[in-house]
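Fit the two chains together into the complex; they arrive one by one in their own frames, and the hints show the way.
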Amino acid sequence: MRSSPARSFSTRPGAGQRPAATVGLPPRVAASRIRKPTTLWLFLALLIVGMACVVPQLLAKKKTEPDSGPNDQKRAVHALNRLTFGPRPGDVQQVMAMGVDRWIDVQLHPEKIDDTALQSRLEQFRTLRMSAHEMVENFPDNQIVKQVMDGKKSMPSDSARRAIYEVQMARLEARQEKKQEKQQEMQEEKPARSASTNETASSSSMPASSMPAAPSSSPASMPAYEGTNAGSANDSAKTPEELAAAAAASSDAMPATAANANLATPSSASNSMPASGMSMLAENNAATAEIAPPTVKAKITDDAQAHRREDRLDASLKFQPLFDLPPDERYKKVMAMSVEEKLAFIDAVKGNKGQDFLIGMEPKQKETLLALANPQAVISDELVQAKLLRAIYSERQLDEVMTDFWFNHFNVFVGKGADRILLTSYEQDVIRPHALGKFEDLLVATAKSPAMLFYLDNWQSMGPNSPQGLGIPPHGGYYIRKPGDNRRNGLNENYGRELLELHTLSVNGGYSQRDVTEAAKVFTGWTIDKPAQGGGFKYEPRMHEPGPKFVLGHKIKPKGEDEGRELLHMLATSPQTAHFISLKLAQRFVSDDPPPALVDRMAKTFLKKKGDIREVLSTLFHSPEFWNDTTYRAKVKTPLEFVASAVRATGADVDDAMPLARQIANMGMPLYGAQPPTGYSMKAETWVSSSALLARMNFALAFTAGKIRGVKVDPVQLAGGPPAPADAALALSTLEAKLLTAEVSKQTHDSIAAQIAPAANGGMSASSADSTNTMQDRTQDRRSGQKQDRKPQRKPADVPRSPDTNTIAGLLLGSPEFQRR
Amino acid sequence: MPTRRIFLRNSALAVVGTAAIPGFLTRAAFGAVENGDRNKRLVVIFQRGAADGLNIVVPYAERNYYGMRPSINIPQRSVLDLNGFFGLHPALSAFQPLWQQRHLAIVHAAGSPDTTRSHFDAQDFMETGTPGVKSTDDGWLNRSLHDLPLAAPNTAFRAIALGPSLPRILSGNEPAVAMNNINDFSVGGRSPKPSLAATAFEAMYDHSSDAVLHGTGEETFDAVKTLKAADPGKYQPAPNANYPKGRFGDSLRQLAQLIKANLGVQVAFADIGGWDHHVNEGATEGQLANVLTDFSQSIAAFWNDLGDLGEDTVVVTMSEFGRTARENGNRGTDHGHANVMFVLGGSVQGGKVYGRWPGLDQSQLYEGRDLALTTDFRQVIGEAVARHMGNKNLAEVFPGYDNQPEKFLRYLG
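Note that the protein sequences, when read in sequence, are chains A and R. Read in the working numbering, the first sequence has 86 at position 86, and its numbers run on one by one without any break. Read in the working numbering, the second sequence has 294 at position 294, and its numbers run on one by one without any break.
Keep in mind the hints are simulated off the structure, nothing from the lab. Warning: the hint list may mix true and false statements.
[Said to hold, decoys possible] A few chain R positions that, by computed beta-carbon distances, are all more than 12 Å from chain A: (1) Tyr65; (2) Gln123; (3) Lys134; (4) Pro167; (5) Phe185; (6) Gly400; (7) Glu406.
[To be verified] To spell it out: a stretch of chain R is covered by chain A in this simulated footprint if at least three of its residues, at any positions, have a beta carbon under 8 Å from a beta carbon of chain A; those stretches are: (8) 52–64; (9) 212–225; (10) 328–338.
Just so it is clear, CB atoms sit at the ideal spot from N, CA and C, and this is done for glycine as well.
Next up, chain R with everything else stripped away, as it sits in the complex (with noise of 0.2 Å):
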């Protein structure tokens, strides 16, 4: 793997002007500042409201894909094929570059073992990691913080939510900021010196008695200094990184800035909604295409943007759980099962769909009406905690679930 990417590294330069190299290299090759900062990053990206894998990463060369989805179908012209059995749904063109570059990989019918088809609860197990126990009050992503073999960097940002409340994921016993705006992030004005009002309340909830609103206080005042001192505002987006408008672009074109501000990002998570199509998904376009495009778009912006600094990151995506594989009556699909996954980094083994494929037979689907899981989502996400972030500790992420190294799908080089 590493001879890979020093080959890549070497040769940057020889092919500097033409487009098939990834984004990372032309800028090192541009003389772009090298990055001091060698931390490892797990970006987590959460599809809420249960996205639908089937039309996603479609396997278009299953013979029953076509019988079951009779009006939402994704033609086998249309999809953008992988490896001539799957097939990217049109509107993840902007994946294709990441695909083609060996970058991006698919883990498909995974997700989470626990039956239920409440997104609520779904969400909360895939958060906390936990599937089927409720009483685990802090999330996997604070918990992979844990044990990591270097030194905690000491950072306010070490892990951000984007979004106005910490989500489930990263609450615990590790500091996290949710930020919903860079440009909000401060108390009474942008002034480099701290204002009046923000010292009163520095020393207000610094000094509270109360454990909860001092907590976060304490995380947001550092967040707040260290923040105006890195100016994060002076990194702006990459030429090639387009990001769409929208919240989710927003999410990530900001996550971004934070990363190259070198403020020691260790895990991130943003999530993106609108993915509960009940009624007239539509196929090749229509309310799932658009919610792809504003998807892939974000991500492809965002991966752009980190350059070389892609190569130490790792994004990974997912939904609670997957949809039925026939279409309902409304031209929807209702709640299902397993899902798909997509891992994006630079020591992926990309251009590979991993996983087992279960087949969409009447006698292969979960409860006679779902794509069956075939790997668990603690597979996927251990072998990133363990072989990319270095926490060998997988037991106390996943506490009751077995994640033996040898069973990893080994998509990290």
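Looking at chain A on its own, in the form it has when it is part of the complex (with noise of 0.2 Å):
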């Protein structure tokens, strides 16, 4: 894959002189440093006096003294890519002042680090300081909101939470009208249906039950025109795809989608509801199956439409004075509303015009406008930003690099029913803790998690002989099965399996499918408290299978929820678990196929330290494989990290977040949306792809361009302005050095410089600053939430273009070069 030479730049040259910053490069990146002769020669004897110093001493090195030399300089900014999210200006100096070796045993303590500064970045997000019961309450969802209408439960007395339900009533009301109403159509059509279905049928008699679902599938209550989430066939699970399309449907600069917290996104609530709202979400979500016939659907769908125009139109004029008032006034201009203006207003501003309608409001208020389009998507999209900001600006950053990971072996998707309310939980309080303590810890947390047992339906999972699955009612007696309900109790497999598969010993960890049974009937029992509710672990002994079971040749003898506890610590000391781990622990820090002398000794850590993590961590960090030269850059990003990696390094303000997701969902990575028990992949091969490499370009030279909505990002000062360098090449070089760490290939510059050559004799660069002024002026605009109509600066169609201050920032973060860490 690389070529460069397999040598250690852990070392500290001789001499420290400027073009020895190449020592330790890889040959190609040198050459592009040197271009004229007599810099050569200079170059080759330096390089023979370097090479001549170098002593392998990393070990010896004393921890205290700061790094000052220029391989030291590569080996701060390899610590920085392996273990943050990228560097940020300023981050390489201040790494090798303090000392690469301490700055890395800083990290590993993330306890010692302040991070009041992300604290308050997050204090907006109310839901992360919920419990899933609050967030139930505050952000109902459908089944919550009808056990209102139907008078099983009080409407709440706080105005705004009332507003959130009444209004959620309101639209649940209208949805049900329009759904009888599409059934009697579809009664109406039946009879002519039928008859051209019997045209095309040769000889097969269609029974009328056989009529596939038509009637109750109603296309009405959810038409397409809308914006319904049609595709989700799965009743509890909106899958990554669509939060994949539904970001990219929205990406330029869009929201409108389910996947997001805005003042459009109504219909998509009923893809989010808990696990016991799943009779109700499966009409909702059967009417997703739209198989009325062409010309009917057409005509609805055009009158429709046409109607709707209209009425957004009016209604747009009509709400329009309200977005002149200050930001409290505003708020209380539409809670003043009535149900149905609500209603019409939450239709008529869309889009980025929600977005400006937030600005300047308390969070609490931006929280309720929000939820009055879509109370679910609040939870999920608060969920996402404060992953981003983390990553972005915490300064725990191999803490977070952790937390995901952790969060990423033990995945657990988003999109499947009451999972939305409880990951905010499980991230923070079943991952965080344990991101760089114990595995096993980790892993009974894991276990015992609402999320989890939810995601692989453990909490379901009942033993066939125990009380509860013989159907022994708790209070002695018989028990009588009602006529027609043929519902068994029993075995489900899913958790046994992913836990020994993907959680431990990993698929070549040498278990059967028995294993893979008994494992499940340890852990019946182990159950939710009412997860619709937000409720917490319970352990169930009617659920509990009886008797011994045996795990791997290994007997576990009935002690009801102790059999998980003994499992549990057997999977979590296995040597086949510490190889694992140490093997994705290195996939992760070091390359995509590690050396396997480095991953054993890993796991020899880890069985010596009783799966401490950030022994683990250590061993990697200060083995000579984590800082040999074919492992610098060796890994490719993934899309959370070449975002995050990109606001990093231009030292960008993100104000919103979610148009950042958005755009790392458009790259294939949808944050909490993988549905799949086994995450993402950490690999190159799954994020090298032609539609993922435009992406990534697409999005830097927006990015940079300043037209991702709620991120301030300022190239131009990057590059030393304001005002920008009037020599383009100049500004080529500065930002080089500031964003690839002056780590930049010959072709990359060379590319970027052609484009550049007509304009240095051409006078285009004062034209260039002019248009990134202008770039500024429309940021800031759009920040204090004024209308901007200006278009942007024309130039005369006959002078050649050169690339301004922005594109060349947005070019350099697409290079091969930044796609890597």
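Structure, rendered in structure tokens:
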């Protein structure tokens, strides 16, 4: 893959002059920096001197001694690339000043690092501090709303919360009405349709009852033009593809998707319901099965669309004056509206308009307005935003990297029913506290977490011979099955299998189908107390399979809940687990195919230190393999790493992280959106594809041009401005130094320089600067919430264009170099 | 086989206006542009998550079926009967016309012989085409392009995957493109003239010494240019192609656009998730029914959309393994073994269920719990690769598997 010699850069060269900075770099990088023959001689001479002085001394290096040499710079860059989401401006110097080893040590102890700046950025997200139960109450799903409608639950007294419920109730009612109308229509259509079907049917008789799901699926209740998530076929899950597709559809600066909190997504609420809302959900989602004859569908759609377009135009004119009010007044005006007006308002302020409307409001006010449109999305969007902000701004970078790593290892998908309200606590209370702790604690915490119990179905798994499995009622007597109730209760293998395959032993860990079944029996009774209401772990003895279990040749004696603890302990201390976890860590921090000797040493540490993750990482970070030249920039960034590193490299200020999250989803990695329990791949092959590369290049250009909403980026300042450097070549070299830590390839440099060449002669630089400033002004406008009708300045058509500072920055972030870490 | 095709073609004019004729005949009759591209195409569709084959093509006459699935069975009165023994799940009604026109064939009790019940491994094995061998680093669909009789068309779109990343099945030596969305497939805007940024990026990736990024970059820029020239946006779905909303329908709609734009697509891949129903699978309605509706309507729309290009197209579906013959404790099913495959195409001898039915008696089940495997998926695909695509070097496409042409199911005419 890479042709650089297998040599270590962990050593300090004897000569510290500038050209020697290339000593440890791959030849192609070195070549790009040395262009004149005289420099070349100097370089060669220094190279020889440098090589002569190279003595492996990483381990001998005194920890307190600050690093200053050029190889130390490379070490600092490498450490930052691997232990963080990418270096920020000034980070390399800071790590060098502290000493790389000491910096690593500090990162391994995040509790010692002050992170208050991040905390104040997260302050705005109230759901991060809510229990799952509070989330359910504040951001109700349809099931809860229905309970209030049916009088089974009282209306909240708090006015903001009340407004949310009222709007959701009105929406639910409207949907039900529409559904009934549609059912009638379908009844009328039916004869005609059967006739035409019979024409095509040759021999097979079609009994009326086999008319496929048509009447009950009533397309009208969620017509396509409402922008519903019609592809959703799974009644408790939104697929990651859909999250990605939704993001892709709106990637061009505009939200309006199910995956985000915008004032535009009423319909997606139905997708995010906890499991116990399933029966109702099935109704809603069945509605997405569009089977109306095309002509009927077209007619409805056309008429309705025309109507809606008119209505929306009226509404948007009507609500326009609200935008000129101060934030607090805007909010109060909306809250004072009738339910019908609120619905019309939400419909009228879709997309960017909705975001503009929220500018300057208090967090709770924002959340309330967003919840009017889609209560459930508020929770997952805050979770997504917090993750991105942490990746970008946390000082405890290794802790964030490891939290991301473990979340992915113990993946739970946000789109599966109740997990939408359970993930916030899962990350905060289950994963994060153990990110650098003991593996067994982490394993036990995940096994008991409602999020995992729900995701892998264990909460429903029941011993076939348990009291409940046999249908024995709790207080004695006989259980009488109602007629038509053919439910069976029994074992569910899902968690048992993934526990062995993905969480601990790995697929080659030497277990059999029988081990999977027995493991599933062990965990029967590990369930959730009312998942839809955000309840916690509960051990239910009535669901537990009696008798001993045999897992991996080991007999587990009957002892209820403790059987699970015994098995988890067995798995957490298995050499197979030690090896598998070490391998995955090495794949994250070293390379896609890490050296087996390193993995073995890490596994040894794992066993010796009783699964202490910090110790395993310490073995890794102090291994020669980690500092080997072949390891340097060997990893291709995942979409999350790419976007986070771009924001960090530019020192951009993120106000709203959702647009960035949508970009990441568009690159194939919706955050919290990995549906299979495997989580996301960490390997290059997954993330290097045509569509992903194009998405990255386009993101880089849009981002540096200030076209990603909610992010303020200033490449001109990065290039030494304002004003923008008059000489584009100078801008290029400054930006190369800042964004690529000066390690730009000749190919990349020349490709961009070739675009600059005509400008140097044609006096285009000034005009580039103008256009850059314009971009800055526009960003300012947008942030202060003012309308901006100004068009970007157009250049005369006959003048050849030259890239401005923003574009140069975008080209560097889209370059092959920046795709690696 | 050609006889039937010619017969249909010649009789097309006579039957215009009746609902029973295949889409491409009416299109031809109405004077649609005759396709100059006689490339054979193979489209592979992967149902990720292990689809429940026993509830998709239901063995309703099998005496054990109903006993094993008390709450999730498809009642006999609800199935769309195929041959007196099997019936389609009612949500597959979109497949019924294709079956009746004999374009759609079914292979039951098929799949990968490997015993793994891991989604990840099993998908990997079906994509590499080497069950049980993990070291294979390329996919069989990519390898199937190595030895085609006709010279490879000079196109970036020879091998295409719809989605954000290139799947394992298409990775390998032959250039292959992953495309999420036709409209986004360019750098710095959609104007026909390449933007300054696009030129710079192209030069960067063209000359990069980073082997991984260089290779993909080169293929990407080729594809971008080709796509701009062909402007597939002008090929809108045929009137009778009603793609359902959603990612899978979008994938196939865009694939049809690329094929109609004559970009030289030879092999293509799309996938659809949401089949892993451990809980509340549903019966005639419910989770499985919903995803089957999306699945079948999308494929039927694709078939209608292709029109006469369907003649040169074969579509094969697969899923990593089937699900337990018995329902589990949560009205769902757990990971099983053999499954069902659909084959659709102009040259397919459809209207027939191929393969040997192993039965559902306790003694007939694989490991006492799953549908046993009677047809290796490589045998099904091997026939399409050899007889449809014309690649006779099956030993290279499926190394380690003795694919004997005389044992083909002969679902191709």
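Status of the hints after comparison with the structure:
| no. | hint | result |
| --- | --- | --- |
| 1 | Tyr65 | 15 Å, holds |
| 2 | Gln123 | 9 Å, violated |
| 3 | Lys134 | 8 Å, violated |
| 4 | Pro167 | 9 Å, violated |
| 5 | Phe185 | 6 Å, violated |
| 6 | Gly400 | 19 Å, holds |
| 7 | Glu406 | 32 Å, holds |
| 8 | 52–64 | violated (count 0) |
| 9 | 212–225 | holds (count 9) |
| 10 | 328–338 | holds (count 7) |
Comparing the model with each numbered hint stated earlier shows that hints 2, 3, 4, 5, 8 do not hold.
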